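> Chains A and B, in that order, are what the protein sequence lines are.
Quick note: the first sequence, position 116, residue 116 per the numbering used here, numbers continuous.
Quick note: the second sequence, position 175, residue 175 per the numbering used here, numbers continuous.
Source of the hints: derived by calculation from the structure; they are not laboratory data.
Relax, there's no trap hidden among the hints.
Covered stretches of chain A, as calculated for chain B (at least 3 residues, CB under 8 Å): (1) 8-17; (2) 33-41; (3) 101-111; (4) 137-144; (5) 172-181; (6) 206-213; (7) 220-234.
In silico contact screen, one side only, chain A against chain B (beta carbon under 7 Å); selected entries: (8) Ala23; (9) Ile26; (10) Asn28; (11) Val29; (12) Arg80; (13) Ala119; (14) Ser217.
Please read all numbers here as calculations on a predicted model, not as lab measurements.
Here a beta-carbon is modelled for each residue, glycine too, at the ideal position from N, C-alpha and C.
The primary structure of each chain is shown beneath.
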Amino acid sequence: MDNMMMIGLSQQQVLRRAMDITANNIANVSTAGFKSERLLVEADPFTRARSEDGPARLNYVAEWGMGRDFSQGSLEQTGRPLDLAITGDGFFTLDTPQGERFTRDGRFAMDAAGTLTSADGAPVLGEGGVPITIDPEAGPVTILSNGEVSQNGMVAGRIAITRLEDPGLLSKTGDNRYTAPDDAAREQVLTPSVRQGFVESSNVRPILEITSMMEVSRAYASVTRMLQQADELSRKAIERLGRTG
Amino acid sequence: MRALSTAATGMEAQQLNVEVIAHNLANMNTTAFKRQRAEFQDLLYQNMGQVGAASSDAGTIVPTGIQIGLGVQTGSVYRITEQGSLSQTGNELDLAISGRGYFRIELPNGGEAYTRAGSFARSPEGQLVTSDGYLVMPGIAIPEEARRVEVNQQGQVQVTIDGDAETQILGQLELITFANEAGLEAAGDNLYLETAASGAANVGVPGQPGFGIIRQGFVETSNVDAVTEITALIRAQRAYEMNARVISAADEMLAASANLR
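Hey, can you work out the whole structure from these sequences and the hints?
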């Protein structure tokens with residue numbers, strides 16, 4: 001009897017977590033460069049609750065990880081010269097006070113000294129880990145698809161697009177940024193594809209999220225019913241046994 | 001249940017988004033208004049299973065951790081300083097800037113502000129002032145008997161006076177640019193203030209490299225595009241509704257648990 005309760009509970013815990021992740025995806029439906037996430041669930045991760053003569057196998061449920069969908073988000077045209085979007089692989093590299101961070105959110109700005117920065121002032125790194133400096137007075141900035149930043153025909157630098165061999169090692173730090181362990185293999189994309197005047201929108205697919213939300217809440221309700229029935233069953237058993245005794 | 005508060009951050013963000021869009025639409029006909037854009041970022045993440053942590057003594061590592069995001073936050077509300085289109089008014093003191101730059105205005109408290117709204121007028125003393133009566137710097141005094149004021153593209157102000165064949169040069173308008181225009185602080189009344197983020201003011205003459213030119217008889221219209229704003233509004237509203245759905249679904253789950261017994 002207890003097993004039934006415990007299995008139900010394990011599933012409810014996982015479903016709640018799945019709901020949390022879906023809620024986060026939906027909350028970030030208009031966050032530029034956001035990548036949607038999904039909980040990966042496995043059955044029977046623990047040792048089975050049975051002995052040699054005991055009941056048949058039991059399947060508990062647990063999450064074993066989280067999948068991140070790194071697929072391309074759609075590009076939205078903004079026309080702003082410092083809005084950049086990457087099509088294909090790779091991340092922009094930012095130099096933050098906490099260390100190197102990766103992002104797909106290319107809504108950059110220029111600070112008072114002309115350095116290309118993210119919205120909160122972290123410099124965007126170019127090739128060789130050097131920030132890119134533009135002369136604010138020298139006219140419009142052109143950014144080619146290979147990431148080369150030029151002004152009046154003069155090259156000011158090239159934006160570094162970093163690719164991680166195993167994107168699964170990235171963890172999100174908030175602010176649209178990712179961090180990777182220091183020993184994670186990374187390389188610079190030699191032929192990146194950067195689009196000026198575009199922003200990569202979130203790749204959250206609202207319909208998918210809403211259906212997964214419905215699935216989760218229905219599954220949760222059915223587990224709850226199962227728990228109720230288990231409870232009912234044990235109550236009836238106690239009553240019946242109590243009467244004969 | 002984190003989903004409840006996560007969805008609440010989503011609703012809050014979309015509400016701000018609608019507020020920004022409403023402000024843009026409200027200023028569709030404001031002279032030289034620059035539209036704004038709310039930028040969102042994902043909020044904190046809670047690590048349930050650290051990615052890359054050792055999962056056994058043999059040195060195996062967790063390939064994909066579990067990170068639960070706690071919603072969304074507003075990164076910044078950015079001002080897009082694109083040129084607005086110029087509309088002809090024929091008024092001789094309507095000056096539009098085509099290109100970069102701001103007019104410098106002296107505030108009544110002695111401070112300085114910057115504006116691109118060049119619908120100027122004459123004060124009782126003949127000074128060139130904004131529609132609020134603030135002095136346009138450097139002060140230009142137009143004589144009472146002036147028949148016509150001419151402002152050329154380089155910002156030179158000339159007048160023709162009755163009974164005088166020659167035009168008189170009254171002064172030279174200047175333009176101010178900033179390294180980071182988006183860093184200016186909007187002070188209302190179409191005025192902007194200098195901040196540490198904008199960088200120091202660079203003074204120049206219209207037509208100089210890096211500065212725009214002046215068009216007399218025109219005003220710069222708002223750069224708000226109604227179609228873009230309305231589609232953004234539709235998207236924001238739908239996103240708001242979806243977040244509300246999440247709240248009710250999470251609530252149902254909680255209710256189901258609460259009614260277990």
